[in-house]
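S.K.: Using the sequences and the hints given, assemble the complete structure.
Chains A and B, in that order, give the protein sequences. By the count of the working numbering, the first sequence reaches residue 631 at its end, each step adding exactly one. By the count of the working numbering, the second sequence reaches residue 631 at its end, each step adding exactly one.
FYI, nobody ran anything at the bench for these hints, they're computed from the structure. Some hints could be false.
Heads up, the list lumps identical chains together, so a pair's fine if it works in one copy or across two of them.
Calculated lysine to any residue pairs in the SDA-like style (CA-CA distance at most 25 Å, straight line) [stated by the list, open to error]: (1) Lys313 x Ala555; (2) Lys590 x Pro405; (3) Lys622 x Gln500; (4) Lys476 x Gln625; (5) Lys571 x Ile559; (6) Lys476 x Lys622; (7) Lys582 x Ser558; (8) Lys622 x Gly504; (9) Lys622 x Asp483; (10) Lys553 x Arg293; (11) Lys476 x Ala618; (12) Lys553 x Asp437; (13) Lys328 x Ser596; (14) Lys601 x Gly392; (15) Lys446 x Gly435; (16) Lys582 x Ile559; (17) Lys571 x Ala555.
What follows is each chain in one-letter form.
Number of protein chains: 2
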Amino acid sequence: MAAADPPLTAVRFGIIGCANIARKVSRAILLSPNSTIVAIGSRSLEKAAAFAKNNGFPASAKAYGSYDAVLEDPDVDAVYIPLPTSLHLHWAVLAARKKKHVLLEKPVALNVGELDEILAACESSGVQYMDATMWMHHPRTAEMKGFLADERRFGQLKAVHSIFSYNSGADFLKTDIRVKPDLDALGALGDTGWYCIRAILWAADYQLPKTVTALRDAEFNEAGVILSCGASLQFEDGKIATFYCSFLSNLTMEISVLGANGYLRVHDFVIPFQESVGPFYVNANTKFAELSIGIEPSPTEHLVKTDLPQEARMVKEFSSLVRKITDHGSETEKKWPTISRKTQMVVDAVKASIDKDFQPIHVVY
Amino acid sequence: MAAADPPLTAVRFGIIGCANIARKVSRAILLSPNSTIVAIGSRSLEKAAAFAKNNGFPASAKAYGSYDAVLEDPDVDAVYIPLPTSLHLHWAVLAARKKKHVLLEKPVALNVGELDEILAACESSGVQYMDATMWMHHPRTAEMKGFLADERRFGQLKAVHSIFSYNSGADFLKTDIRVKPDLDALGALGDTGWYCIRAILWAADYQLPKTVTALRDAEFNEAGVILSCGASLQFEDGKIATFYCSFLSNLTMEISVLGANGYLRVHDFVIPFQESVGPFYVNANTKFAELSIGIEPSPTEHLVKTDLPQEARMVKEFSSLVRKITDHGSETEKKWPTISRKTQMVVDAVKASIDKDFQPIHVVY
Numbered sequence: 267m268a269a270a271d272p273p274l275t276a277v278r279f280g281i282i283g284c285a286n287i288a289r290k291v292s293r294a295i296l297l298s299p300n301s302t303i304v305a306i307g308s309r310s311l312e313k314a315a316a317f318a319k320n321n322g323f324p325a326s327a328k329a330y331g332s333y334d335a336v337l338e339d340p341d342v343d344a345v346y347i348p349l350p351t352s353l354h355l356h357w358a359v360l361a362a363r364k365k366k367h368v369l370l371e372k373p374v375a376l377n378v379g380e381l382d383e384i385l386a387a388c389e390s391s392g393v394q395y396m397d398a399t400m401w402m403h404h405p406r407t408a409e410m411k412g413f414l415a416d417e418r419r420f421g422q423l424k425a426v427h428s429i430f431s432y433n434s435g436a437d438f439l440k441t442d443i444r445v446k447p448d449l450d451a452l453g454a455l456g457d458t459g460w461y462c463i464r465a466i467l468w469a470a471d472y473q474l475p476k477t478v479t480a481l482r483d484a485e486f487n488e489a490g491v492i493l494s495c496g497a498s499l500q501f502e503d504g505k506i507a508t509f510y511c512s513f514l515s516n517l518t519m520e521i522s523v524l525g526a527n528g529y530l531r532v533h534d535f536v537i538p539f540q541e542s543v544g545p546f547y548v549n550a551n552t553k554f555a556e557l558s559i560g561i562e563p564s565p566t567e568h569l570v571k572t573d574l575p576q577e578a579r580m581v582k583e584f585s586s587l588v589r590k591i592t593d594h595g596s597e598t599e600k601k602w603p604t605i606s607r608k609t610q611m612v613v614d615a616v617k618a619s620i621d622k623d624f625q626p627i628h629v630v631y
Numbered sequence: 267m268a269a270a271d272p273p274l275t276a277v278r279f280g281i282i283g284c285a286n287i288a289r290k291v292s293r294a295i296l297l298s299p300n301s302t303i304v305a306i307g308s309r310s311l312e313k314a315a316a317f318a319k320n321n322g323f324p325a326s327a328k329a330y331g332s333y334d335a336v337l338e339d340p341d342v343d344a345v346y347i348p349l350p351t352s353l354h355l356h357w358a359v360l361a362a363r364k365k366k367h368v369l370l371e372k373p374v375a376l377n378v379g380e381l382d383e384i385l386a387a388c389e390s391s392g393v394q395y396m397d398a399t400m401w402m403h404h405p406r407t408a409e410m411k412g413f414l415a416d417e418r419r420f421g422q423l424k425a426v427h428s429i430f431s432y433n434s435g436a437d438f439l440k441t442d443i444r445v446k447p448d449l450d451a452l453g454a455l456g457d458t459g460w461y462c463i464r465a466i467l468w469a470a471d472y473q474l475p476k477t478v479t480a481l482r483d484a485e486f487n488e489a490g491v492i493l494s495c496g497a498s499l500q501f502e503d504g505k506i507a508t509f510y511c512s513f514l515s516n517l518t519m520e521i522s523v524l525g526a527n528g529y530l531r532v533h534d535f536v537i538p539f540q541e542s543v544g545p546f547y548v549n550a551n552t553k554f555a556e557l558s559i560g561i562e563p564s565p566t567e568h569l570v571k572t573d574l575p576q577e578a579r580m581v582k583e584f585s586s587l588v589r590k591i592t593d594h595g596s597e598t599e600k601k602w603p604t605i606s607r608k609t610q611m612v613v614d615a616v617k618a619s620i621d622k623d624f625q626p627i628h629v630v631y
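M.R.: In structure tokens, the structure reads:
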């Protein structure tokens with residue numbers, strides 16, 4: 267007999283910080299059937315209370331004037347951490363030590379050394395770690411993977427290209443934490459390149475590239491924070507991946523995956539244009555028609571509906587893993603820390619290549 | 267009063283060689299209202315005669331058992347040359363010396379040195395030169411350019427990516443001229459990369475890149491001919507372009523053009539999926555919706571109808587230029603040799619980068 271599902275006791279979240287993205291994830295926690303919010307902490311008690319009120323928190327949810335108070339609260343099972351990247355090491359490690367499961371906003375750390383400290387703390391405390399890369403949890407992502415795994419229709423992976431950019435505007439470029447060297451030193455590489463790199467690793471079944479070479483040239487602000495960059499990733503078996511990420515270009519969210527026998531593209535991979543349905547497009551075994559006029563067969567559109575927004579599915583998956591640990595004594599799920607670490611390794615390699623005048627950087631696992 | 271259109275006397279084409287692509291271009295010449303076919307030459311008279319018969323040539327068209335005979339025929343105004351690339355230098359120069367206008371199949375030459383000899387011969391004889399890059403002549407191409415030129419909706423060009431690949435199959439990889447070092451030494455770079463490079467230059471208003479760096483790694487056949495490769499192009503103003511071309515991946519024909527304020531993509535740029543209509547897709551001034559759920563506004567599809575297939579429009583444009591020269595004493599149109607030469611320069615730089623272990627190659631005009 268298969269093991270019964272974990273009981274539907276909701277995992278109780280505390281939120282550390284009132285970042286804008288926390289509004290979206292708060293909604294997701296409340297939408298997720300196995301999750302709820304019991305506390306929010308900010309450096310300002312008033313800010314925390316206002317956030318709880320404005321985002322429909324349960325009346326019983328507590329507002330705290332510090333992050334520590336959330337971590338000390340015995341009613342909190344798990345924390346969601348949307349703080350600036352430079353604060354992740356301190357607060358994620360502390361959360362883990364306090365036996366709180368950790369849902370960590372991306373970019374997860376300033377470098378893989380920091381992430382390894384976070385992961386070690388989670389491992390040591392037996393708490394689940396997951397980064398908040400929402401698109402991984404859309405049912406479209408699994409359907410696309412099914413196509414990529416189809417030997418007849420897709421075949422050997424040959425090339426991947428991904429873009430994530432948005433035009434952040436003058437105010438953002440002056441004031442946002444994502445362009446401040448002391449807060450989010452990875453800039454556009456951490457905020458947008460993270461998704462492109464994850465997309466490439468996802469397409470490659472999480473095989474790491476052999477070398478990573480940043481594309482000439484990257485763009486920087488006056489403080490040296492990356493505003494746009496790209497890279498090419500070279501793999502052992504000859505496949506090639508490229509990406510481009512930016513704070514200076516129109517909002518664009520692309521993955522294009524080319525195989526020997528097929529091709530897949532998706533134009534809204536980070537955040538679906540529509541919340542309830544995600545489209546993707548495939549061509550398989552495509553040939554030129556007679557006289558090379560047109561092609562056969564035509565490309566097809568696939569629409570994948572979802573009952574919950576992808577971020578609520580993320581929370582639901584995370585909470586399900588938490589419940590398996592707390593109620594059934596299961597091991598933590600290693601997939602999530604593993605792919606988070608691989609993503610960070612490639613982020614680091616791109617950064618190193620930029621810092622070393624666009625030389626290829628060898629990636630060692 | 268505006269000058270009258272040239273008279274509708276058809277430009278009389280001779281065709282040199284019976285390559286498969288010549289079937290498509292023969293149809294295009296016969297579809298073009300200002301063009302006709304008067305001769306075809308092959309090394310085999312029987313082959314030439316059969317080609318004429320099987321491709322609906324006018325009954326008066328002459329079949330010759332040599333290429334020279336076509337060039338000697340005083341009824342031939344212009345030649346279409348679909349020969350293997352290694353033969354272009356000899357036959358295009360000879361055609362120009364015989365005062366025949368030259369429509370030259372791509373890749374136009376093995377290197378820019380050869381192309382310069384061809385262009386000098388055309389210039390010296392006052393004959394029109396054009397390469398047979400068909401998609402340049404689809405009305406969609408001009409409409410897309412209109413979007414890219416729109417400061418408000420597209421803005422500064424930031425990044426371009428292009429793919430052209432087809433899975434040529436085992437027979438092709440054994441026997442086709444496009445993988446023979448003595449016939450088409452540029453392999454996939456010449457046959458498919460040509461289009462990607464043209465697409466990038468087209469998007470960049472034919473500004474040449476500052477450096478070109480091939481992507482690690484390219485793939486080769488046993489004779490050292492390129493079967494797949496890619497490159498990144500670095501421009502003076504910070505924009506970045508990348509492309510990937512291959513004989514080993516599914517038929518895919520993409521341009522994606524990213525600007526500060528907009529984004530354009532086209533999925534069948536080389537050969538439209540449908541002959542009579544070409545779609546493209548744009549996003550402009552795209553923002554995340556409230557709570558970063560979805561985007562505003564939605565991307566839009568644009569459908570551009572064409573009365574004639576793009577290759578017939580190419581022939582019509584070429585013949586129109588020929589008639590302006592022959593009937594009105596006009597100068598040759600310099601746009602076509604100029605962009606052909608720039609395309610070849612970038613092809614050469616990619617090849618040089620591959621040959622020099624993927625080092626950046628400085629492009630000097």
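S.K.: If the cutoff is 25 Å on CA atoms, where do Lys553 and Asp437 land: within, between, both or neither? Let me know, please.
M.R.: Answer is between: at 15 Å across copies they meet the 25 Å cutoff, but 49 Å inside does not.
S.K.: Indicate which option fits the pair Lys622, Gly504 if close means a Cα-Cα distance not exceeding 25 Å: within, between, both or neither.
M.R.: Classified as both: same-chain Cα gap 24 Å, cross-chain 18 Å, threshold 25 Å.
S.K.: Taking 25 Å as the upper bound on the Cα-Cα distance, should Lys582 and Ser558 be classified as within, between, both, or neither?
M.R.: between (49 Å within a copy, 19 Å between copies)
S.K.: I want to check one pair: Lys476 and Gln625. Are their C-alpha atoms no more than 25 Å apart within a copy, between two copies, both, or neither?
M.R.: Answer is both; intra-copy 13 Å and inter-copy 17 Å each pass.
S.K.: Should Lys622 paired with Asp483 be assigned to within, between, both, or neither, using CA atoms and 25 Å as the limit?
M.R.: Answer is both; intra-copy 12 Å and inter-copy 20 Å each pass.
S.K.: First find the shortest C-alpha distance between Lys476 and Lys622 inside one copy, then the shortest across copies, and answer within, between, both or neither for a cut-off of 25 Å.
M.R.: both (17 Å within a copy, 19 Å between copies)
S.K.: At most 25 Å between alpha carbons: which applies to Lys601 and Gly392, within, between, both or neither?
M.R.: within (15 Å within a copy, 67 Å between copies)
S.K.: Checking Lys313 and Ala555: alpha-carbon separation at most 25 Å within a copy, between copies, both or neither?
M.R.: This pair counts as between: shortest inter-copy Cα distance 24 Å, intra-copy 63 Å.
S.K.: With identical chains treated as interchangeable, where does the CA-CA distance between Lys476 and Ala618 reach 25 Å or less: within a copy, between copies, both, or neither?
M.R.: both (14 Å within a copy, 23 Å between copies)
S.K.: How would you label the pair Lys622, Gln500 (within, between, both, or neither) given a Cα cut-off of 25 Å?
M.R.: The answer is both: 17 Å in one copy and 17 Å across copies each meet 25 Å.
S.K.: Please work out whether the CA atoms of Lys571 and Ile559 approach to 25 Å or closer within one copy, between two copies, in both situations, or in neither?
M.R.: between (35 Å within a copy, 15 Å between copies)
S.K.: Is it within, between, both, or neither for Lys590 and Pro405, if the alpha carbons may be no more than 25 Å apart?
M.R.: within (22 Å within a copy, 59 Å between copies)
The earlier numbered hint that this structure contradicts is number 13, and it is the only one.
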